[in-house]
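J.: In this note's numbering, the protein residues as written are 166 to 585.
Among the hints, a few may not be true.
Claimed, not checked - List of simulated lysine-lysine pairs, DSBU-like, C-alpha gap at most 35 Å: (1) K231 with K458; (2) K232 with K467; (3) K449 with K231; (4) K458 with K232; (5) K231 with K467; (6) K232 with K449; (7) K449 with K467.
In case anyone wonders, no lab produced these hints; they're calculated from the structure.
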Amino acid sequence: MSTAELSRPLSGHEPPEVPRRSREFRRRLRWAAVRYGPVLLTYGVLKLAGFAVFMYLLDSAGDFRKKNPRFGGGEHAWDVLASWDGWWYQQIAEHGYDPALEPVPGATGLITLEGNSAAFFPLYPALMRLVSECTGLGLFGAGLTVSVIASFVAALGIYAVARRLGGHRAGLVASGLWAVWPGSGTEWSGYSESLYTALATWACHAVMSRRWLTAGLLTCAAGLCRPTAAALIAALAVAALLSLRRRADGVLRPLAAVAIAPLGLFGYLAWVNYRMGDINGYSKLQDGAWAHKFDWGAHTFKVLTSLPVGHFDYLFARAFEDVIGVCVVLAVPVLTVLLLRLRPPAVLVVYTVLSYLMVMTTQQIFGNVSRYLLPLFPLFVPLALAMRRLRWPSLASVLGTAALASGSYAGYVLFELGVP
């Protein structure tokens, strides 16, 4: 008998560990495809439809060709996706930070400081740079890649949360709503909303699943993405306190999560303030360079009392964009009440309410609230539970129509008729 024959396994027999591992991998792959394939398909089809309409509107109107590439313009329609804040993120990815409070010579109005990249948090541009270095894509392509992938991860997280509260069908609808919500035009653009929402959804899901260390790490990462992560940190802390009160998960893991969660947000703010040589440097930059400051809701109140009577005498007025913003602002309390009726976990309630209050009590470009409130994914749940009763053809018609319309109200209006 030859050496080859000796080394060949007997008929009907193979090394047991190889086929076992292969079968297990294929089984898990099939399970993941069955469970999550419909979620990715639902979100992807709806988002692609809205995105196609958005690009068509941009190209057919052609207004972007007359604008500065930094402010909503460019040579091609898709260049608009990386303008405004997207331009700043590319600057950070390419050049890094140089925090400073630089006065505008002779300025006495709202804007008294030069814009500085330190106002934008580091996680998204860091991932842009990493993807660019690893793939050879330019920063534009790398930024869109990060956003698109993060948007699908967020869709899966939204599905997972909604599924725990209302089942598979509700989860599918919730992921579809993420594709068509006002402000969703930034999901496939050079903005950080998709990344932040992905981290927030899975952090909340980790709390609901009592995986405290995972929740703490994800919340820490969210704090490196957007300042509104303060609401997520508070939500995790409340959930941890409730867990400690019930003595459900011991003491060490919830406390460790609470300790880890704020490190990203407070660490970045501390570093910026240190580099600026001012203990309140970040807030001064936001106020002096972007007129973005805490005002107890005075600006929001001004808009809500002016717009209904046709007055546009408030700061940063943008008629069409602001109407959409008002609709979102008024819808949130209604959806929050409906969410509360479901008795959801405290982490979802605290995250939603505090995120909303943070936006409402800040002076800013009001039209941007549809973008700032986009990460309030728990609000999708009561709508998803109501819509899951629809038959599939009706559901497809409702979401499909919203997807096509979102190319305008969630994309074109935000980027071209307003300032995202």
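J.: Is the hinted pair K449 and K231 satisfied, with a Cα-Cα distance of at most 35 Å?
T.: 33 Å, holds
J.: Are the Cα atoms of K449 and K467 separated by 35 Å or less?
T.: Judged against 35 Å, a Cα distance of about 23 Å means the pair holds.
J.: For the pair supplied as a hint, K231 and K458, confirm whether the alpha-carbon distance does not exceed 35 Å.
T.: 31 Å, holds
J.: Given the hint that K232 pairs with K449, test it: the Cα-Cα distance must not exceed 35 Å.
T.: 29 Å, holds
J.: Would the hint linking K232 and K467 be met if the CA-CA limit is 35 Å?
T.: Answer holds: K232 to K467 is near 30 Å, not above 35 Å.
J.: Between K458 and K232, is the straight-line Cα distance small enough, at 35 Å or below?
T.: 28 Å, holds
J.: Is the Cα-Cα distance between K231 and K467 35 Å or less?
T.: 32 Å, holds
Checked against the numbered hints above, the structure breaks none of them.
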